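Chemist: The lines below spell out each chain.
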Amino acid sequence: MKKIELLAPAGDLERLKIAFLYGADAVYLGGNILGLRANATNFTLDEIKEGVKLAHKLNKKVYVTVNVALHNKELKTLKEYLINLDKIGVDAIIFSDLTVLECAKKYTNLALHLSTQASTLNHEAASFYKKLGVERIVLARECNKEDIKKIGENVDIEKEVFIHGAMCSSYSGRCVMSNFLTNRDSNRGGCSQICRWDFDLYKDSKKIEGKKPFTFCTKDLCLIEYIPDLIDIGVDSLKIEGRMRSVYYLATVISIYRKAIDNYYNNKKIVDDIDIKILNRCANRDSYPQFFNGENNVDCVYYNGRVEISNQDFLGVVIDYSDGFVTVEQRNYFKRGDTVEFFGPNHEIIKQKIDEIFDNEGNIIEVVNKPLQIVKFKVSKKLDKFDFMRKNIVDKI
Amino acid sequence: MKKLLMPSSIEQINRTFELTDGYILSLKNFSVNAPFYFEMSDIKKIINSLKNKKIFISINKNIHENELDELKEYLNELSNLDIDGILYADASIVEINSKLEKKLNLFWANEHVTTNYMTCNFLSNFDICGVLISPELSLREIIEIKNNTKLNCMAYIFGYLPMFVSFRHTVQNYYDFNNYNNQEGIHKIYKEDKFYPIIDNKNGSEAYSNFVLNGVDEFKKLDEVNFDYGIFNSLLIEEEKMIDVLKIYDNGKKEDLEKIIDNTDTGFFYKETVYKVK
Numbered sequence: 522m523k524k525i526e527l528l529a530p531a532g533d534l535e536r537l538k539i540a541f542l543y544g545a546d547a548v549y550l551g552g553n554i555l556g557l558r559a560n561a562t563n564f565t566l567d568e569i570k571e572g573v574k575l576a577h578k579l580n581k582k583v584y585v586t587v588n589v590a591l592h593n594k595e596l597k598t599l600k601e602y603l604i605n606l607d608k609i610g611v612d613a614i615i616f617s618d619l620t621v622l623e624c625a626k627k628y629t630n631l632a633l634h635l636s637t638q639a640s641t642l643n644h645e646a647a648s649f650y651k652k653l654g655v656e657r658i659v660l661a662r663e664c665n666k667e668d669i670k671k672i673g674e675n676v677d678i679e680k681e682v683f684i685h686g687a688m689c690s691s692y693s694g695r696c697v698m699s700n701f702l703t704n705r706d707s708n709r710g711g712c713s714q715i716c717r718w719d720f721d722l723y724k725d726s727k728k729i730e731g732k733k734p735f736t737f738c739t740k741d742l743c744l745i746e747y748i749p750d751l752i753d754i755g756v757d758s759l760k761i762e763g764r765m766r767s768v769y770y771l772a773t774v775i776s777i778y779r780k781a782i783d784n785y786y787n788n789k790k791i792v793d794d795i796d797i798k799i800l801n802r803c804a805n806r807d808s809y810p811q812f813f814n815g816e817n818n819v820d821c822v823y824y825n826g827r828v829e830i831s832n833q834d835f836l837g838v839v840i841d842y843s844d845g846f847v848t849v850e851q852r853n854y855f856k857r858g859d860t861v862e863f864f865g866p867n868h869e870i871i872k873q874k875i876d877e878i879f880d881n882e883g884n885i886i887e888v889v890n891k892p893l894q895i896v897k898f899k900v901s902k903k904l905d906k907f908d909f910m911r912k913n914i915v916d917k918i
Numbered sequence: 500m501k502k503l504l505m506p507s508s509i510e511q512i513n514r515t516f517e518l519t520d521g522y523i524l525s526l527k528n529f530s531v532n533a534p535f536y537f538e539m540s541d542i543k544k545i546i547n548s549l550k551n552k553k554i555f556i557s558i559n560k561n562i563h564e565n566e567l568d569e570l571k572e573y574l575n576e577l578s579n580l581d582i583d584g585i586l587y588a589d590a591s592i593v594e595i596n597s598k599l600e601k602k603l604n605l606f607w608a609n610e611h612v613t614t615n616y617m618t619c620n621f622l623s624n625f626d627i628c629g630v631l632i633s634p635e636l637s638l639r640e641i642i643e644i645k646n647n648t649k650l651n652c653m654a655y656i657f658g659y660l661p662m663f664v665s666f667r668h669t670v671q672n673y674y675d676f677n678n679y680n681n682q683e684g685i686h687k688i689y690k691e692d693k694f695y696p697i698i699d700n701k702n703g704s705e706a707y708s709n710f711v712l713n714g715v716d717e718f719k720k721l722d723e724v725n726f727d728y729g730i731f732n733s734l735l736i737e738e739e740k741m742i743d744v745l746k747i748y749d750n751g752k753k754e755d756l757e758k759i760i761d762n763t764d765t766g767f768f769y770k771e772t773v774y775k776v777k
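Listed in order, the protein sequences are those of chains A and B.
Residues in the first sequence are numbered consecutively from 522, following the numbering used here.
Residues in the second sequence are numbered consecutively from 500, following the numbering used here.
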């Protein structure tokens, strides 16, 4: 039985490494051109090369997004870029504009994954794309379980499904509010997320007064409890959204989904309540299964707009452990006497009460309140580089 | 350049007959971004009654799996009627068309991603004979596409422009959130001194530009390069005014349109969008 793929976002090389370390089987990333996150850090060709090298060493994969709707003037950059990606050995490109497919087939051997931007919702469309040489389709986020199943029953093509993260309010590719309100082209990577703005709603010149302002904003998607269903209906790849999210977010989300997938194949309980709570907590936003169960109603909407109250759970990254002492790079305030948790890919959650804290020069300090401050303190159990330190949330949520 | 009207009623077709070269009729439940949605039976009657006019049927919604059977029936029916083409967005229509005994002329009309000539030319391999070019392109880019493709080209030339299509019932959701009874009909969302029309319907919701596209001058410029079709969207335009609008595009000036419509704008004709801001 082929094991389902866990596919994670990689905003840069650090996040690519974290994604693999925490259990992703593959990552997707954007190069410096023709991707839909034009304002993210993104990868140079050299960085993509390094990422691919690392991935292949680990027997993992790298997919590169080339998913903009190209304008005439961008056409001339396409051929050379695709040839370079092919030479680097990326495992597939994710595209939506069919001229990318045509060019890739003509000049390269790149595998072709159709982006969710194409909003594939049915098997006839899937069949059309398969005939064009598409190996995998990232299905539209409006697909429900039955839709996914029927597409699989009718067309022999790989199916990738979003399982976690932010959602577009519109059908992908059919929103240009960003163009109209901010002159930033959403279908070329400039989306200014108008769907998260607040508006006033009017009917016949009269404002509808509500508990909160009108918004298009959706809750985040979360399908952690539906991993068995997704595997059973023949999905090939489970995709986590978020190329611009933090390393902590990535590590948390990937590790919980990794555990759930492995538990399924090992006939264990898929997920513990505490994992669901941690998952919900790390984005600071409400989440919901969205359309997966056929729902399409007010429960899918997030009326808090852009308000995302930071819980500052993420306290630091482990950069070393030796002789019973951990070296941590600070991300949020903590102090002597706090009980904290460490989590990582190689061990269960480790709880630790912080005793003496030493700064870089060996001085004892009481509080760690400087961004990226390097400190040391005693931890009884062995930790690894790239473990994460967070508040003691397991006992509190 | 031929003038195609998206009518806001059946009656409007009769009233504008002398002023247009044809019509785009949006099929009820299978199209979006239209001022009026036609039953199949009405479409048939209109086809029978209209002579020497271009008739296009818009089936431009995203098609869900459970809509395929009905869609196939409609496409089969339409393939036996005297129409000039189908405006489509979902690739399922290309696939279904390939299996029809009598092929339909397809016009790729997924408004916001029809943005370059190479994709147009690639699609010409699949019984696709036309394209509705994205209204977010500049006039220069639109002409460049026309000059580099053999496909018939369509462009919006008048009316509110579509900017958002969702499966979600965004207005209904807001009423539900507040425990209010929904008030049917067109709403507007307001931001930074501008109002944007928003409409909930069976398919979800649609939102439009805060302005009415004024393309009187551009209509003439496109005509000079033998552009094929200019689209007039009558959404939210009074029927009487629509007659005047069509006349102005024949003989009038941009300023004449400004006199009868309050909030006109040239949209993206002279404004290229950006995407990299860092």
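Certain hints may be false.
[Unchecked claim] List of simulated lysine-lysine pairs, BS3-like, C-alpha gap at most 25 Å:
hint : chain 1 : residue 1 : chain 2 : residue 2
1    : B       : K501      : B       : K571
2    : B       : K552      : A       : K727
3    : B       : K690      : A       : K724
4    : A       : K652      : B       : K571
5    : A       : K538      : A       : K917
6    : B       : K690      : A       : K728
7    : B       : K690      : A       : K727
Worth flagging that the hints you see were computed from the coordinates, not collected in a lab.
Please read all numbers here as calculations on a predicted model, not as lab measurements.
Chemist: Between the alpha carbons of K501(B) and K571(B), is the straight-line distance 25 Å or under?
Modeler: violated, 30 Å
Chemist: Under the criterion that the straight-line Cα-Cα distance not exceed 25 Å, is the pair K538(A), K917(A) satisfied?
Modeler: Answer violated: K538(A) to K917(A) is near 30 Å, above 25 Å.
Chemist: Does the structure keep K552(B) and K727(A) at a Cα separation of 25 Å or less?
Modeler: violated, 41 Å
Chemist: Is the Cα-Cα distance between K690(B) and K724(A) 25 Å or less?
Modeler: At roughly 15 Å apart (the allowed maximum being 25 Å), K724(A) and K690(B) satisfy the hint.
Chemist: Could you grab the alpha-carbon distance between K690(B) and K727(A) and see if it respects the 25 Å cut-off?
Modeler: Within the cut-off at roughly 15 Å; holds.
Chemist: Does K652(A) pair with K571(B) here, judged by a C-alpha cut-off of 25 Å?
Modeler: The hint holds at about 20 Å.
Chemist: When you check the alpha-carbon spacing of K690(B) and K728(A), does it fall within 25 Å?
Modeler: Given that 25 Å is the threshold and the Cα spacing comes to 12 Å, the pair holds.
Hint compliance for this structure: hints 1, 2 and 5 are broken, all remaining hints hold.
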